[in-house]
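Using the sequences and the accompanying hints, generate a full structural model.
Protein chains: 2
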Amino acid sequence: MADNDISQTNSLPDQHLPVSSRHFELLTLGDELLLGLTANTHLTWIGQQLGRHGVELARNVTATDDAAAIVAELRESWARSDVVITTGGLGPTCDDRTREAVAEVLGQKLVFDPEIERAIAERFVNFGRKMTPNNLKQAYRFEHGDVLPNENGTAPGLWVEQDGKVLVMLPGPPNELQPLFTEQVLPRLARLGLVLEGEAYVQMRTAGVGESALETKLQPIFDRAGDALSVAYCAHPWQVDVRLSSPDGRLSMPELQAVAAECAALLDEDLVCYGHDSLAKVDADLLRAQDRTLAVAESCTGGRLANVFSDVSGVSKFFRGAIVCYCNDAKMQILGVPESLLEQHGAVSDECAVALATSVAETLEADYGLAITGYAGSCGDVKKNPAGTIFVGLHSPQGVWSKKLNYTAARPMVNERAITVALDWLRRELLRAASRASVPPRRANLAG
Amino acid sequence: MADNDISQTNSLPDQHLPVSSRHFELLTLGDELLLGLTANTHLTWIGQQLGRHGVELARNVTATDDAAAIVAELRESWARSDVVITTGGLGPTCDDRTREAVAEVLGQKLVFDPEIERAIAERFVNFGRKMTPNNLKQAYRFEHGDVLPNENGTAPGLWVEQDGKVLVMLPGPPNELQPLFTEQVLPRLARLGLVLEGEAYVQMRTAGVGESALETKLQPIFDRAGDALSVAYCAHPWQVDVRLSSPDGRLSMPELQAVAAECAALLDEDLVCYGHDSLAKVDADLLRAQDRTLAVAESCTGGRLANVFSDVSGVSKFFRGAIVCYCNDAKMQILGVPESLLEQHGAVSDECAVALATSVAETLEADYGLAITGYAGSCGDVKKNPAGTIFVGLHSPQGVWSKKLNYTAARPMVNERAITVALDWLRRELLRAASRASVPPRRANLAG
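Line by line, the protein sequences are chains A and B.
With this note's numbering as the guide, the letters of the first sequence map in order to residues 17 to 464.
With this note's numbering as the guide, the letters of the second sequence map in order to residues 17 to 464.
Just so you know, the hints here were simulated from the structure itself, not pulled from any lab data.
Some hints could be false.
Identical chains blur together in the list; that is why a pair holds if it fits in one copy or across any two.
In silico lysine-lysine, DSS-like type, Cα no more than 30 Å apart, as pairs [unchecked claim]: (1) Lys333 to Lys419; (2) Lys233 to Lys146; (3) Lys146 to Lys419; (4) Lys146 to Lys420; (5) Lys233 to Lys153.
As structure tokens, then:
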């Protein structure tokens, strides 16, 4: 922390208040957001991070790069918040005026920091590029404030404690903002008692049970836990997340975990995992633990089923590959699905889903094969298989099956649901395989 | 429009001001946005639509479902705006309080509308479901205001003209909001002179030229056009959009189009299209016009290259399919890439990219084959091919080639750039094929 000679500034926030009572606002800056050229991923990402640490963001304002607008918005946010976070406007170009606007509102001076200059210059040397003079704009910090070093870009984050409040300024690019936030901002906020150090809730990710059925099933457990427990449901296609928390802190984290364990026992296979892992990640972990491999064949989902695994690290260890085939010719040629089968039953049928699942597993020498074939869009065969009809096939070392889905919705939703159903089916089959082999014990996969 | 007995309400906005001087604010409501459970796609989508019709959204506020918060935000936005658009909070559940909050700010009464009730009841009948009583909440409209019928959901949009301003309330689900906005809201706003009826700018989508090189190339044309012309650049990986507009209206749309035509002549193949078509759509149009087909093989992009075509309608007409193969075994088995080639040159090599492009085209009986193989993530062979090294292969009726890309960036960016480069290369090859055959004339593809 820099020396501080402004009276009343740098006072620490009152640490005796619960974090859920804190007022956080997010100011996302940039004409590109208002013109829809860039999605406001910062709101989603920062909102999620704060939520996991016990704070619901109270408000998000997206404003233009105009200096007067920034001053007006920040003045308003600053007056009523405990913490204001800004994103964007820290770059080297002339339309980045955020620093100056913030300095005006805080009544602070901007000072040149040779250490930031050195870090910027070093970055340019490492990339073998010449530093243009406008980059030095990024070497200014607030006279009474800290610098949050940025390992992935030239503009560092800035941190100010003043008037019992905190102001955090973050660079716009997500690959710079996100590590800066988790590695520096969250720990600093936790030290000041403004967010929880650990997770604020226990999340159970479930699949295959509707929200109301889930509530009916779990409510007796929640009733026994008493009114200190707060339960929130968040529904996605074929997947519902249940969050247990105790906003006033009457239940400890171990007590929340005990309630969750009771739910888990009741949910059995319908529980995907604790926490935030995707179904693809859970499937990947199960496949790797059992030393099994997967291949997929898909038509209407057009590569999206294959692509869900691309975010999982070490994908080539368990994922043999995928075949995307829209047309029957391709199904026949590459996967050897018999022409007679396609003629008799059609490409959108139980028979074809089964043939695809087995063929792709055999062709790519995988233990498991997943297949999706259907009409997601508006075409479809109106009588037999209207749009929204999808068949999922699963080939495993135990056999091969298919199931039919009917779901009336917009095309991307139909596809998303089909992919989730397929991944969930594979997960259940892998759980059963593990319990047959007794290794690894199923609960081990839920530790995270 | 309902009868109107409130003095001063229902006055029309002054139609003599240019639309670019209009103040539009967007109020996106919902705790799920602030908790990061749902992305704020409304800002991006509505911002883009307004931008295309001459208005830059001045501000977007995301607030909780709390009634007091909604009243406070709306009061502030309403005071300084010509148009306020709200999204969300129109549903049947008890946390949807937007209607009441808006009525309070406008000093209006909510009245039950039997026509809305009939539409909701009809919807339930069509879906064979029972209407629960809470759905009738959605049958209320403002006493002095209009109803915007919603064909894709139960909650209609609401429209109020009052105090020379317009308030538009839209339901939250994107598949309901978006058609409502384009089919009803934009035409109404245009009639009131609040947005342009047509497009506000001419957009040229270019590929393969950096932003500064593009500027250097086009500036002489822009200089000749004079200071009535406004030029904006928007850079994406391997792709830059150039927007020509005349904010004060001194240049007419035909004059802007003439400037764009001059640029097009100079840009030649580097111009992808006018407007907003994706590279995949442009490739698809070229393939269909020439009655040609495509197949793709990909490793590090894991299905994303295949998936870019899934948004193009009639994809099965030109897209034969895709093979996603992370591991060498799969490359050999399914595509017959020789083991000796993989051993000698590795899977990330010119040789492999060429073999993959040709093999996938031959295996799937396509005219064109595109292949992507590389190290997008952190693995990579440090000496020869560090992370960020990607080879793209293109097989065409004229031959087969590969090119090497080096791009140091986060993994998704590396992949996005590789996909864009591949699609752009295919586009150029298809343009050359068309000009060799002289059908169809290349300019025809730029008409949109």
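Can you name, in rising order, the numbers of the hints this structure does not satisfy?
-> The structure breaks none of the hints.
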